[in-house]
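Using the hints provided, position chain E relative to the given structure of chain Z.
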Amino acid sequence: MRALLPLAAEGDPTVHLTSQTRILAAVIAIVFMLMILELIRRDRLQERYSVVWFVAGLGMLAGAAFPGLLGIVADAMGVRDTNVALFSVILLLLLGLALNFSVIMSRQSAQITRLAQERALEKAREQAKSAENGGEPERERL
Amino acid sequence: MRTLVFIPAWNEADSVASVIAGVREYMPEADVLVVDDGSTDETAARAGEAGAVVASLPFNEGLGAALQTGYLYALREGYDFCAHLDADGQHPPDEVARLLEEVRADRADLVIGSRYREPGEAKSDDYRPTLSRRIGTSVFRFALTLATRQRFTDTTSGMRAANRRVMALFSENYSPDFAEIESLQLAVRQGLRVEEVPVRMLERVGGSSFLTPLRSAFFIFKGMIVLLVGQFRPRKAGTEQ
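Residue numbers (the numbering used here), protein chains in the order written: chain Z, 1289 to 1430; chain E, 78 to 318.
Pulled out of the complex, with its shape left as it was, chain Z reads as follows (with noise of 0.2 Å):
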């Protein structure tokens, strides 16, 4: 069982993955790039939502494929341990994401807002302007 955990030794900047655990973290990034691709057919994501998570996958794959890529990451860093260095990057990732999202939800919220009075203001105006024509019944008599 302890070659199923992988922890970086006390002082030693290299990275050790298992094969195992390599496999298995392509295996995930590949099951959710085929997720991502299911989804676009499927019409339930737009394309240019889904470039980053795209991105992401890849990533993941890299880092399964080059396990000295994360220690790079973390020398780079500065951070002895790679799994702090892995949690950071994702962390960071994540949070950026969310922001984004933020900013897409704060647009279309406005974007709604304007449509909405749009539609009110047309509905308002022909309402007036039927009543300055003398209203409904007046242009039935006609």
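Hints in this document: simulated from the structure, not taken from any laboratory. Every value quoted in this text rests on a predicted model; they were computed, and no experiment measured them. Think of the CB as a built atom: it goes at the ideal place given N, C-alpha and C, for glycine as much as any other residue. Treat the hints with care, as some may be off.
Stated by the list, open to error - Computed footprint of chain Z on chain E, listed as stretches where at least three residues anywhere in the stretch have a Cβ under 8 Å from a Cβ of chain Z:
#1 136–145
#2 149–160
What the hints assert, rightly or not - Here are the simulated lysine to any residue pairs, SDA-like style, with alpha carbons at most 20 Å apart:
#3 Z/Lys1411 / E/Asn137
#4 Z/Lys1417 / E/Pro275
#5 E/Lys299 / E/Met78
Unchecked claim - Taking CB as the label site, the calculated pair distances span:
#6 Z/Val1340 / E/Ser215: 40 to 48 Å
#7 E/Glu106 / Z/Ile1392: 40 to 48 Å
#8 Z/Val1340 / E/Phe219: 42 to 50 Å
#9 E/Val303 / Z/Ser1307: 50 to 58 Å
#10 E/Phe136 / Z/Phe1375: 37 to 45 Å
#11 E/Asn250 / Z/Ala1364: 39 to 47 Å
#12 E/Thr289 / Z/Ala1314: 51 to 59 Å
Just chain E now, with coordinates in the frame of chain Z:
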């Protein structure tokens, strides 16, 4: 000189007709528009029966969006002046007429009806705020005065009169969820003349205030953020259409 009086209303079927009747009595020259903010009751029908033009938003968008709809209508239909008041009967129409006089006389671009009078002038049927509202009021009063360097007593008043400059500004730049306070800050920052006039306000006829203590706290917190951000917003030029 054409004038529009608009009334934002959300589920105010009980009081909207009497408010419209009051407006028509005291401001017979004005057209009346009710902005129905996605009401699920008979508000729109009652308003139509009472002779107002009704702009119905398909779903509830909040007071800010409803008010903006009114300003948009006034701007696009070429009204020279507009005023708005609440649909719950708190705002006496004769006081709204006084506000309109101020903008017609060109003494200000935007006139706010303040429910707070000088002490000693209070009457028995005057508006009496609850404790949480009093706290919120003083916080906003302080913050807005700090932000605009102009003294305001009633920062959340929904009784206002405005000219076309204000219509142009508010129909484009109006926060959907923080209408009253941010709009004052915005107007002052854009160099518009904002004036406050003390008015008489009444207890509401129907409905109840949405403010509970917790909501008040959240409202105040959100308001502070809005004001802070507003201070760093660029002054937009050319809002005139």
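These are the hints, each one checked on the structure:
1. As drawn, the stretch 136–145 of chain E meets chain Z at 4 residues by the rule of a beta-carbon pair under 8 Å; at three or more, the given contact holds.
2. Residue count for the stretch 149–160 of chain E with a Cβ under 8 Å from a Cβ of chain Z: 4. That meets the three needed, and the coverage hint holds.
3. With a C-alpha separation of about 17 Å, the suggested pairing of Z/Lys1411 with E/Asn137 holds against the 20 Å cut-off.
4. Taking the CA atoms of Z/Lys1417 and E/Pro275, the gap is near 36 Å; set against the 20 Å cutoff, the hint is violated.
5. The hinted pair formed by E/Lys299 and E/Met78 fails the criterion: a straight-line CA distance of about 39 Å is larger than 20 Å.
6. Taken as a hint, the range 40 to 48 Å holds for the pair Z/Val1340 and E/Ser215, whose Cβ atoms sit roughly 46 Å apart.
7. At roughly 46 Å, the beta carbons of E/Glu106 and Z/Ile1392 sit within the given window of 40 to 48 Å.
8. Evaluation of the 42 to 50 Å hint for Z/Val1340 and E/Phe219 yields a pass: the beta carbon distance comes to about 43 Å.
9. Distance hint check: the CB atoms of E/Val303 and Z/Ser1307 are about 55 Å apart, consistent with the given range 50 to 58 Å.
10. About 41 Å separates the C-beta atoms of E/Phe136 and Z/Phe1375, a value consistent with the hinted range of 37 to 45 Å.
11. Restraint check, E/Asn250 to Z/Ala1364: a C-beta distance of roughly 43 Å satisfies the suggested window 39 to 47 Å.
12. Our hint of 51 to 59 Å for E/Thr289 and Z/Ala1314 holds, since their Cβ atoms are close to 53 Å apart.
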